[in-house]
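A.B. asks: Model the full structure from these sequences, guided by the hints.
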Amino acid sequence: MLLEFDADQRLWRETVRDAVGKQCPAALVRGIAEGTGDADAGDRLWRSYLEAGWTELTDPENAVELAIVLEELGRATDPTPFLATLSQYAPLAGERFDPAKAGTAIYEGVSANWSRQGWELDGTSKFVLDGDRAEQLAVVTPAGVFLVGSEGGSGATGDRPREAVVARRRDVFDPVLHIAEVTFDRVRVEESDRLDLDPSAALALVERSRHVALMGMAITMVGACQRILDLALEHAKSRHQFGVPIGSFQAIQHKATDMYVAIERARALSYFSALTIAADDPRRRIAAAMAKASAGECQTLVFQHGLQTFGAMGFTWENDLQFALKRAKAGELLLGGAAEHRALIAEEFDATRI
1 MLLEFDADQR
11 LWRETVRDAV
21 GKQCPAALVR
31 GIAEGTGDAD
41 AGDRLWRSYL
51 EAGWTELTDP
61 ENAVELAIVL
71 EELGRATDPT
81 PFLATLSQYA
91 PLAGERFDPA
101 KAGTAIYEGV
111 SANWSRQGWE
121 LDGTSKFVLD
131 GDRAEQLAVV
141 TPAGVFLVGS
151 EGGSGATGDR
161 PREAVVARRR
171 DVFDPVLHIA
181 EVTFDRVRVE
191 ESDRLDLDPS
201 AALALVERSR
211 HVALMGMAIT
221 MVGACQRILD
231 LALEHAKSRH
241 QFGVPIGSFQ
251 AIQHKATDMY
261 VAIERARALS
271 YFSALTIAAD
281 DPRRRIAAAM
291 AKASAGECQT
301 LVFQHGLQTF
311 GAMGFTWEND
321 LQFALKRAKA
331 GELLLGGAAE
341 HRALIAEEFD
351 ATRI
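Letter by letter, the sequence shown follows residues 1 to 354 in this note's numbering.
Derived by calculation from the structure, the hints in this document are not laboratory data.
Fair warning: there could be bad hints in the mix.
Claimed, not checked - With a straight-line cut-off of 20 Å between C-alpha atoms, the simulated EDC-like cross-links for lysine to aspartate or glutamate are:
| id | residue 1 | residue 2 |
| --- | --- | --- |
| 1 | Lys326 | Glu163 |
| 2 | Lys329 | Asp230 |
| 3 | Lys329 | Glu163 |
| 4 | Lys329 | Asp281 |
| 5 | Lys101 | Glu163 |
| 6 | Lys329 | Glu340 |
C.D. replies: Right under this line is the structure:
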């Protein structure tokens, strides 16, 4: 298992970084956040990802290449539903994934009940990433995984299943992140909308899919933290106090070094998680937890040091630092924080000692 990028992967990273830098500049993100930019800018950005074929990175063997894209999108504070579609919906949908449509996963809060008319989905799931704008939903229930709005399903009679789902976007501190509360009120779906898997296979699919979701969230946070460090270093070089750049002060240098080390650690664990997914390595469960825990710890330190490096300027709306700070913090709060995943790692370690 190689822990360094090969030539093709390095070229892929450069290509993606160049494309994201041109198509998703800070001005675009700010325009969406303030509601002053082009109303269709986000949709055009999403379509550019479709045209580039990035939404076709669904094969587990392409996990590292997908991670490269997600890191760059995290660095740019991407406003599209790419993260939820590729790291949450696609692993569950499998061959029924439509790369031309945005999707997301609902992991909890919904139950499936059988009636004479077929299956009915009931329940509410809170804090669903892109739940308000996803065209396809992968709903995890005790009775199996249902694909709502996918091409593969025949759909229910009356209202189309996706249109019968009520999704309300919630106000969150990241102004370009879509978080929704999704409610199913006896939404009827067909047997063909349920993945044809026995219970053990369904559980295995959900577990593997969650590993991809954790890896995707972790590497997105790494990208956001890298953006914070980049901005902090730029500021430290240009901001002068007492006639010299503040970057010449030892206190600032220590903060920058600590941020760099934390980011490199989280990045290494995130890509190791992607490697275990690509190789179908049984260590992928613990690797995904390690990646998410490390990314959470990283954002805590980088958030604090990055903000302090900017001083009072870091608290202003005019500073683009805020977007990276908020994306990194949001990633920590989604799919379980560092403490939760550290506890899982401890349980795994204790189990090996018995």
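A.B. asks: Next, verify each hint and record whether it holds.
C.D. replies: Evaluated hints:
| no. | hint | in the structure |
| --- | --- | --- |
| 1 | Lys326 with Glu163 | violated (31 Å) |
| 2 | Lys329 with Asp230 | holds (17 Å) |
| 3 | Lys329 with Glu163 | violated (31 Å) |
| 4 | Lys329 with Asp281 | violated (29 Å) |
| 5 | Lys101 with Glu163 | holds (15 Å) |
| 6 | Lys329 with Glu340 | holds (15 Å) |
Hints 1, 3 and 4 from the earlier list are contradicted by this structure; the remaining hints agree with it.
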